[in-house]
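Novice: As given, the protein sequences belong to chains A, B, C and D, one line each in that order. Going by the numbering used here, the first sequence opens with residue 1, and the numbers climb by one from there. Going by the numbering used here, the second sequence opens with residue 1001, and the numbers climb by one from there. Going by the numbering used here, the third sequence opens with residue 2001, and the numbers climb by one from there. Going by the numbering used here, the fourth sequence opens with residue 3001, and the numbers climb by one from there.
Errors might be hidden in some of the hints.
[To be verified] Pairs of lysine-lysine, DSS-like flavour, derived with a Cα cap of 30 Å: (1) B:Lys1251 / B:Lys1135; (2) C:Lys2226 / D:Lys3166; (3) D:Lys3166 / A:Lys273; (4) A:Lys268 / D:Lys3268; (5) B:Lys1166 / A:Lys268; (6) D:Lys3281 / C:Lys2268.
[To be verified] Stretch by stretch, here's where chain C covers chain A in the computed footprint (C-beta under 8 Å, at least three residues): (7) 113-123; (8) 325-335.
FYI, nobody ran anything at the bench for these hints, they're computed from the structure. All C-beta atoms in this analysis are idealised placements derived from N, C-alpha and C, irrespective of residue type, glycine included.
Protein chains: 4
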Amino acid sequence: MVKNGGKLRIGIIGTGLQGRRRAEALRQFDDAQLIAVSSNLPAQARRLAEDMKCELMDDWDKLVIRQDIDVIIVCTPPDCHLPMCNAALENGKHVLCEKPLARNPEEAEQITKLAQKKGLKLKCGFNHRHHPAIKQAREWFDQGLIGEPLFIRTEYGIGGRPGYEKDWRANVEIGGGGQLMDQGMHVIDLSRWFLGDFTEVTGFLQTGYWDIAPLEDNAFCLLRTKTGQVASIHVSWTQWKNLFRFELYGKDGYIMVEGLGGSYGVEKAILGKRAFFEPFKEEVIEFRGRDNSWEEEWREVRSAVREKRQPMGNGQGGVEAVRIAYLVYEAARKRK
Amino acid sequence: MVKNGGKLRIGIIGTGLQGRRRAEALRQFDDAQLIAVSSNLPAQARRLAEDMKCELMDDWDKLVIRQDIDVIIVCTPPDCHLPMCNAALENGKHVLCEKPLARNPEEAEQITKLAQKKGLKLKCGFNHRHHPAIKQAREWFDQGLIGEPLFIRTEYGIGGRPGYEKDWRANVEIGGGGQLMDQGMHVIDLSRWFLGDFTEVTGFLQTGYWDIAPLEDNAFCLLRTKTGQVASIHVSWTQWKNLFRFELYGKDGYIMVEGLGGSYGVEKAILGKRAFFEPFKEEVIEFRGRDNSWEEEWREVRSAVREKRQPMGNGQGGVEAVRIAYLVYEAARKRK
Amino acid sequence: MVKNGGKLRIGIIGTGLQGRRRAEALRQFDDAQLIAVSSNLPAQARRLAEDMKCELMDDWDKLVIRQDIDVIIVCTPPDCHLPMCNAALENGKHVLCEKPLARNPEEAEQITKLAQKKGLKLKCGFNHRHHPAIKQAREWFDQGLIGEPLFIRTEYGIGGRPGYEKDWRANVEIGGGGQLMDQGMHVIDLSRWFLGDFTEVTGFLQTGYWDIAPLEDNAFCLLRTKTGQVASIHVSWTQWKNLFRFELYGKDGYIMVEGLGGSYGVEKAILGKRAFFEPFKEEVIEFRGRDNSWEEEWREVRSAVREKRQPMGNGQGGVEAVRIAYLVYEAARKRK
Amino acid sequence: MVKNGGKLRIGIIGTGLQGRRRAEALRQFDDAQLIAVSSNLPAQARRLAEDMKCELMDDWDKLVIRQDIDVIIVCTPPDCHLPMCNAALENGKHVLCEKPLARNPEEAEQITKLAQKKGLKLKCGFNHRHHPAIKQAREWFDQGLIGEPLFIRTEYGIGGRPGYEKDWRANVEIGGGGQLMDQGMHVIDLSRWFLGDFTEVTGFLQTGYWDIAPLEDNAFCLLRTKTGQVASIHVSWTQWKNLFRFELYGKDGYIMVEGLGGSYGVEKAILGKRAFFEPFKEEVIEFRGRDNSWEEEWREVRSAVREKRQPMGNGQGGVEAVRIAYLVYEAARKRK
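Construct the entire structure; sequences and hints are all you get.
Specialist: Structural data, given as structure tokens:
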């Protein structure tokens, strides 16, 4: 598959913020070549094509059949993921697809099964796994520094902006859900990455501020693994001061990640150990630089393709995150 | 009832940390006179009596029948609350009883009903309502600065100490529950104070580190009012670095309280407003002094007695907090 | 002067980090047109010209005589400032010159006097005046919120990087001084902006870590105005964790600025009032976005040109900052 | 000298805040016996004597001649230090004397020389050396974790209270100086403890807010050792939010201490290492408990007596701190 002097050749569908970020990330890689971009917003697409000095294609379905492309990056709203990913896979392209993988578990599974069947790599855009503080957290965790895990406590939110109720995010047909299907995907995925699969789910949904019913602007979820670890998750579109906080407690200590850079404040990884008779001591690492998670995400796609293995945060992870969100939705519906 | 030159005369049962704190708080009041203390730990009781220059009584049941006492403060473990409070009430004393009001909702209701029947004041020891940052939060809230409330997010925890599994707190016969019946009482009470009665409850319990099954060392609770406000509560005995955090979000802003002084760090009250197009701005008040909640708690008891009204944080609040904990226990049991 | 349909036409000499930042800032202005860039580093210059879609000129002395340019931005090391600024001014261009205005007070005065004689605008690149937290500080100060000023305490520093001793900054012939002539310029300028002219100066220099004697890697300065206000300044190339802190105390309160974004951490402006009997209260504003001081700097150049007035942070300010640094150098020399 | 079953027997002169703190500290020591207290404020003295269950003596000169006392603790204003310490030493008592050791270098030397001549222990009340975060800083420093020291930057201040200009601290005859002779003593002593003797001194004094001229409410000092290390010190009575900050930079890293507990906020010790290519990493220890420096101070007195050695922070240190303050005063006078 990988020809062109060993370069991976890429096409991007969707040229909004996420498409641009992923396009710019490719610049860091000598062996990545952005061939073309496509979007149904022509002006936006043209700007990106110009800035990236690549082709502009009007129709995404023509992009995905090009022979000179190895990987398709899908950065459109969720309702397009199924047709676009499947078309790309059918045409033998590896796929990196923005989260959520699809609008619902069924769609997500279709994509994932097709990738398996075709023997192609499918990565879901869980870029948070590649944030430096999260990577640091994972490293500490894998070294056993906090011992056996007990629970995760995580909050992720933004305040939105006037008119949020008219955003595509407020349209269930497009997004498949509310904030839980949006930023919720990341924290569900991270929780599962650290604790394993969840077998039990409960939670409350709230449509508190934005006029987006039946979608939620706040979701409070409790997830539990078969062995009893708990993840307590809150995601919010009424978090008036942007917040990302991820806390993981184990029998021997704890790890916290705060901030994601930019509007979320400086990204920090913090490690503390259980010590009953000593003053509280922490190791604090600040990642003050810009967010390089998009490059790291691509690095993983590239490695997976080259090493002929599934990437970390792959289609199965994408399915699971959506599935858990839907279990919360179901639990909430039953409660009413 | 109040004679003795207008002074309120007080007896304290239980001379541990909480008994001592409440005894020392009385020193600040010219019109409060600590008459006697009693405990089944004679050495501890003697030290307190000496320090406070008051009488030491061997038997609490003789203390509660003294004619020269107006108020009984009960600071014993929860299994003693019902007999002690009821004896005090039967003998015409007002009562301030350490939280939880009792081991279970039934006991708590017995106490509260007796107080009502007797026309006596009953306050449950929810001293957190009197912490300066919480008072500040309440003031901002009452001024409407954050608008209609949406949700509360609160975490309260300590790390325990070796041998915690042998503490009376680990004995269900004494405490009636685990950490939810311990520090959980405060955050349930505060949540109810701000949001009103909860009509729906879900949650997970965990016995993760301490060998105290069937009691929980971690409780994750979601509570909801009839009008849809949510309280997300986590209390923990495996919070290796002591933490108190109480966050209240409304349609127009948010209030946070962090710290309680001492081992919980500086107590802060923080106010932020929803402002989509401006940099994040907060008003931050630090209460660096010592914890004066115990004096303020007594001030409320005194005022309630003098003004012939029920105190804030009264028996009914005590009943409700225990009732909600038990709803969580029940929900968790059903899940198994 | 301003023709071309009201657009200001700009040439940039020096295409390193500062040249690039100022070029990118111009993009935000519809009425600014970057005509050409020039540098003695051809590859770097070519990249910038390509990215900005402007001309590349090999020789700066041909750039400054072009008739289709209104403003020259000088972003070269300090030893080039005198010849470049003067050539630009002689050819009727307004000038924005990176700090320090020149290597020593005499050179700085030559530039400033020529600008005055020619009636042209000269701004020294004190972009820190345009940082949002500094602007906020100035606004609070001008509103009288902290009353009459007493003193400034400010620290600014970085840790350098291996090989710093070979950087042009370590060459006295190029830079005219060490860290005091580098980041020191900003905090001297800010101190003077808030407190007025300094009439008395003392200080210690240190060459503690970097092999750059006789240049200093640390400068500790005390400056005093005629009316007794003090500025205590420390600038450091051995500040192993980047730091910017600017504290201004007045009779009625204080203002602090912490961070500058990026590697200096989130930029914050903090206001506190003198209040003897109340808990410590502060207003805290976080500017989490990217650094927009470069656009704001240009906005001031543009306004000064349009309004036919000298800009804020003009040549006279540039002279004063260098003069004060040299007074510290002199005081330090005498001490030896 | 030490008889009484091995107990050290103590008399305290001065029963204000510092006298009380030192009396209460003695309670922690089984082998310390507070025999008597004395003060020219009889009511205050009586309260302390009652609380400590020790004798009350009207006249300090009778206290210092008692045969049943081994150590005199002097906690009076500075003008009394010389007569009291000398009388105690003449009568064979060891002395712990509140800082400053005396009003001026000459008085301080008289006391120190007499102690030497008599072979008695003399400790100056530099309790900050015994604060847990400072002890931690010293431990890290002694382990070589920050390498060769470069400089210290330290700020210490309070906001005072209305009427401060009438406090004895505002009387040069009593205190010998202003804020530099008050809290300044601690930071001068700490700086000298870490960097060694200072051979060069400059600084500015300010009487900015309080009506206490010729005394200073702010002192800005720069001190330098023979080998070039610098201490930059600012002490203030117009620090509207109480502050203690002590930063020590070395060639390989830095140590910071922030807070002292109580009104200064949580006491923290922070260690960072020079690391050019890594994200900023720090080890942070929080000492959230109460201030135990007074017990630790006594522990050092006790050990010095028992081990027949001079204590840490002894008379010579007391002389040096006052001498440096006076060098700053002199430098400031010359400037005028």
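Novice: State for each hint whether it applies.
Specialist: We went through each hint and held it up to the structure:
no.: 1; hint: B:Lys1251 / B:Lys1135; verdict: holds, 20 Å
no.: 2; hint: C:Lys2226 / D:Lys3166; verdict: holds, 28 Å
no.: 3; hint: D:Lys3166 / A:Lys273; verdict: violated, 50 Å
no.: 4; hint: A:Lys268 / D:Lys3268; verdict: holds, 18 Å
no.: 5; hint: B:Lys1166 / A:Lys268; verdict: violated, 37 Å
no.: 6; hint: D:Lys3281 / C:Lys2268; verdict: holds, 21 Å
no.: 7; hint: 113-123; verdict: violated (count 0)
no.: 8; hint: 325-335; verdict: violated (count 0)
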